[in-house]
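Residue numbers (full-length UniProt numbering): 1 to 301.
It should be emphasised that the hints constitute simulated quantities derived from the structure, not laboratory data.
Keep in mind that the hints are not guaranteed to be accurate.
Computed list of lysine-lysine pairs in DSSO-like fashion (alpha-carbon distance at most 30 Å, straight line) [claimed, not checked]:
{"id": "1", "residue 1": "220", "residue 2": "187"}
{"id": "2", "residue 1": "220", "residue 2": "146"}
{"id": "3", "residue 1": "146", "residue 2": "187"}
Ranges between beta-carbon positions, derived for each pair [unchecked claim]:
{"id": "4", "residue 1": "229", "residue 2": "101", "range": "22 to 32 Å"}
{"id": "5", "residue 1": "166", "residue 2": "92", "range": "53 to 63 Å"}
{"id": "6", "residue 1": "29", "residue 2": "123", "range": "27 to 37 Å"}
{"id": "7", "residue 1": "153", "residue 2": "29", "range": "13 to 23 Å"}
{"id": "8", "residue 1": "113", "residue 2": "166", "range": "45 to 55 Å"}
{"id": "9", "residue 1": "101", "residue 2": "143", "range": "52 to 62 Å"}
{"id": "10", "residue 1": "264", "residue 2": "153", "range": "34 to 44 Å"}
{"id": "11", "residue 1": "166", "residue 2": "200", "range": "26 to 36 Å"}
{"id": "12", "residue 1": "37", "residue 2": "92", "range": "48 to 58 Å"}
{"id": "13", "residue 1": "187", "residue 2": "36", "range": "45 to 55 Å"}
{"id": "14", "residue 1": "247", "residue 2": "171", "range": "26 to 36 Å"}
Don't be surprised by glycine CBs; every beta carbon is placed ideally from N, CA and C.
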Amino acid sequence: MNVLSLFRSTMSTSAFPRRTGLLATKIGMTAEWDANGTRVPLTVLRVVPHAVSQVKTEDTADGYTALQVAAITPSELSEQGVTVGVSKHISKPVTGHLAKAGIAPRGAIAEFRVTKEGLLPVGSMLSVLHFVPGQAVDLRGVTTGKGFQGVMKRWGFGGLAASHGVSVSHRSHGATGQRQDPGRVFKGKKMAGHMGHEWRTIQNLRVYKVDPSRGLLYVKGGVPGPDRAVVHVEDAIKNRDQLSLLPFPTRILADGEDLASMKPEVMSKILTTRIIQTQVRSAPKIPGQAKTAQKGTAEKK
């Protein structure tokens, strides 16, 4: 077995089942007050219905398990959420690729690694109900571009003195720290340059509320990127204890259920308490901890 096969076998382990993620459009930030009167900062994400456009398995030429999903871009939606047209930037190869799966042209396509438990047939529909209020998610997006910035804003340098011999270099980075030997500046030196517009991942943010009728996902905290940016939303990779409480491979609507008639679901302490209890049960036991507890109980008696 070569190194690549060993890596793939490690990534495709069934010890931790993995579901697909979804694409969401960042609307902006707001705040709500919970039952205790605490102000909760929230990022509002819009999740339009997705369709599975391709399934990749280890048996195919791809050699790994993943799902490709397609969604509508913000430019293809009106304010009322009705599709107003296909973006002109969708190429003919992408249009033909989606046509083979029986899907209308859509501008946003992404691929998510999954396990065998998270596979879905081509054409399956995914909605915002894929996520549960209270669960932890990872969000990946492109940060807001800041253009060319100096070291004080880009890296947090303190700058040089405001007076006493310093002129025209108050916001400079100072010396780069090299002499005749090695006679160069090392790669990675913190200097002025382009800031922002980079892929960043924010981990373990809690889903505060899910609004199925409007396709909105409320997440506690900030999300990278400007408004109307497309972000990737997945189950938290570092919070495996919640997997048993999530719908696998996704939430499938029953007969008679309609997203438009569903009420918003707000995060409660039920799911969070169950996750914490699961983490406590799965935590490694400290040697001698049980004996110490028994000894303390005997002394009290």
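The hints, checked one at a time:
For the hint pairing residue 220 with residue 187, the CA-to-CA distance comes to about 37 Å; that exceeds 30 Å, so the pair is violated. Of the pairs offered as hints, the one joining residue 220 and residue 146 holds, with about 24 Å between alpha carbons and a cut-off of 30 Å not exceeded. Proximity of residue 146 to residue 187 is assessed by CA-CA distance (about 22 Å); at most 30 Å being required, the pair is judged to hold. About 26 Å separates the C-beta atoms of residue 229 and residue 101, a value consistent with the hinted range of 22 to 32 Å.
At roughly 59 Å, the beta-carbon separation of residue 166 and residue 92 lies within the given 53 to 63 Å, and the hint holds. Checked against the given bound of 27 to 37 Å, the beta carbons of residue 29 and residue 123, roughly 35 Å apart, stay inside it. One distance hint, 13 to 23 Å for the beta-carbon pair residue 153 and residue 29, holds here, with the actual separation near 22 Å. Separation of residue 113 from residue 166 is about 52 Å and conforms to the stated range, judged on CB atoms against 45 to 55 Å.
One distance hint, 52 to 62 Å for the beta-carbon pair residue 101 and residue 143, is violated here, with the actual separation near 32 Å. Checked against the given bound of 34 to 44 Å, the beta carbons of residue 264 and residue 153, roughly 39 Å apart, stay inside it. In this structure, residue 166 and residue 200 meet the distance hint of 26 to 36 Å, their C-beta atoms being roughly 35 Å apart. At about 55 Å, the beta-carbon gap between residue 37 and residue 92 stays in the expected band of 48 to 58 Å.
A beta carbon spacing of about 50 Å between residue 187 and residue 36 agrees with the range 45 to 55 Å that was offered as a hint. Taking the beta carbon of each, residue 247 and residue 171 are about 53 Å apart, not inside 26 to 36 Å as hinted.
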